[in-house]
Amino acid sequence: MDFAYRLTLLFSIAAFVGTADAENPGLVVRVTQKGLDYALQEGVIALQQQLSHIQLKDIPGTHNHEIVGKVHYNIFSMNLGNFQLPGFQVSPIPNVGLKLSTSGGFFEVNGRWDVQHSFVHENGTFNIKVGGLGMSVGLNLRNIEHGKPTVSVADCSCHIANVEVHMSGTIGWLVKLFHDAVESKIRQELEDKICPEINDIINSKLSSLLQTLPVETNLDHISALDYSLMGPPSVMANWVDVFLKGEFFYRSHRTAPPFAPPAMSLPPEQDHMVYFAVSDYVFNTALLAYQSARALVLTLTDKMIPKEFGVHLNTNLLERVIPAVSKMYPNMPMKLKISAASTPALNITPGGVTLSPIGNFQAYAILPNSSLAPLFLLEVKTNAFAKAAVNSGKIVGTLENGKVEVSLSHSDVGPFSVSEINMAMNLLVPVILPHINDYLKYGFPLPLIEHIQLSDIVIKTYEHYLLFGANVQYQ
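The numbers in our numbering rise by one with no breaks, and the one at position 370 of the sequence shown is 574.
Treat the hints as calculated values from the structure; they're not laboratory data.
Any given hint could turn out to be false.
[Unchecked claim] As a list, the in silico SDA-like pairs of lysine to any residue whose alpha-carbon atoms are at most 20 Å apart:
| # | residue 1 | residue 2 |
| --- | --- | --- |
| 1 | K539 | L571 |
| 2 | K531 | E624 |
| 3 | K333 | T306 |
| 4 | K531 | N518 |
| 5 | K541 | P572 |
| 6 | K598 | I426 |
| 7 | K238 | G291 |
| 8 | K352 | S432 |
Between the sequences and the hints, there should be enough to build the whole structure, so can you do that?
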């Protein structure tokens, strides 16, 4: 895993969060100091590997020694290794970005030396232990481009505090020559190369990688989810927020929703690495997209009723409450077509999540020739309770039983008592819900980069939004 990919974790541990000046976001993700520290820990491992690839130029030269005269030397085959960057820290800089810094870095330079003077030719190896490597990198997180995040290096500085040289061979004056003529050159070249290396990683590799983050994610052939950034990240003293639209839309015909995202005020919780605030706007745009596609439809037949219910969906089931049905269509199978009469409304409050759909229940008798005979059309209102969870990086949901109220819209079999049908519909709810929950279990993905796993997930409800807290692990 290279440094750019690891450092992307720093900015997109699961996505980006935020709010815009003119419009509220649908989805907010907050990366806390714990999350930044973990991301930095992952990034430093790769940074150490990346800096080890720095190539140092050979250092040829001539030195006039007071005793032996003119000496020609060459320092070559230099390799960096054993990079250690302990105590690396990441600090949010409010309204700007992030500051990465360390003052206790350590690494080694190994290479070979070659010396010629008169007819004498000596060579050997050397090892330089470089300590007190100080680095400071400022990252600007204030820009967006085409709905995607950008990052740039605002400033970078590097300083080496001390150098310790160990050389093979027995030529004592050579050590002094190395200190006088070579050590400062190596020190200067290292200081000059580390910041450009980091600049290149951030400005090219990391920025390019961030541009691969999806702005839109297709959920299926009907809907897609807009994850575009709505504004620059909000950098506070203890966390970073970045702003996502969080809007579902009908792929075949996208139109602006007739409602706006509500304002969300996140609590100052910092127990987890990352928090996702998902407003009811996200769920309601999903319902709008599927309603626009006329996809909020469920057809129920006898084979879909579990055997343990001990009933069959046929006209005999209505013999007591609607006698005319069993007389007109004796012992015939039935079909129920359940559809949303209008776009359902989901509401999130501190007390929980409720869904208030208004549905049409069209009942049919299935004739021997497989054609359908309409029986009646009911309007059904309910307040269902919903639960949300996170499974494999996706928000999934389940509906629980809610009280059903039924009214008769149209009858093809004459008048009948709606009150008894109301009782029957309440008995059917446990049959219908598992089929709806089968769709809800697919859920929709949180905006996570690849290889991120969430753990220790907690879920709370607030006014108009769900808050998911989680720790992350890069795998």
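Please list, smallest to largest, the hint numbers that this structure does not respect. none
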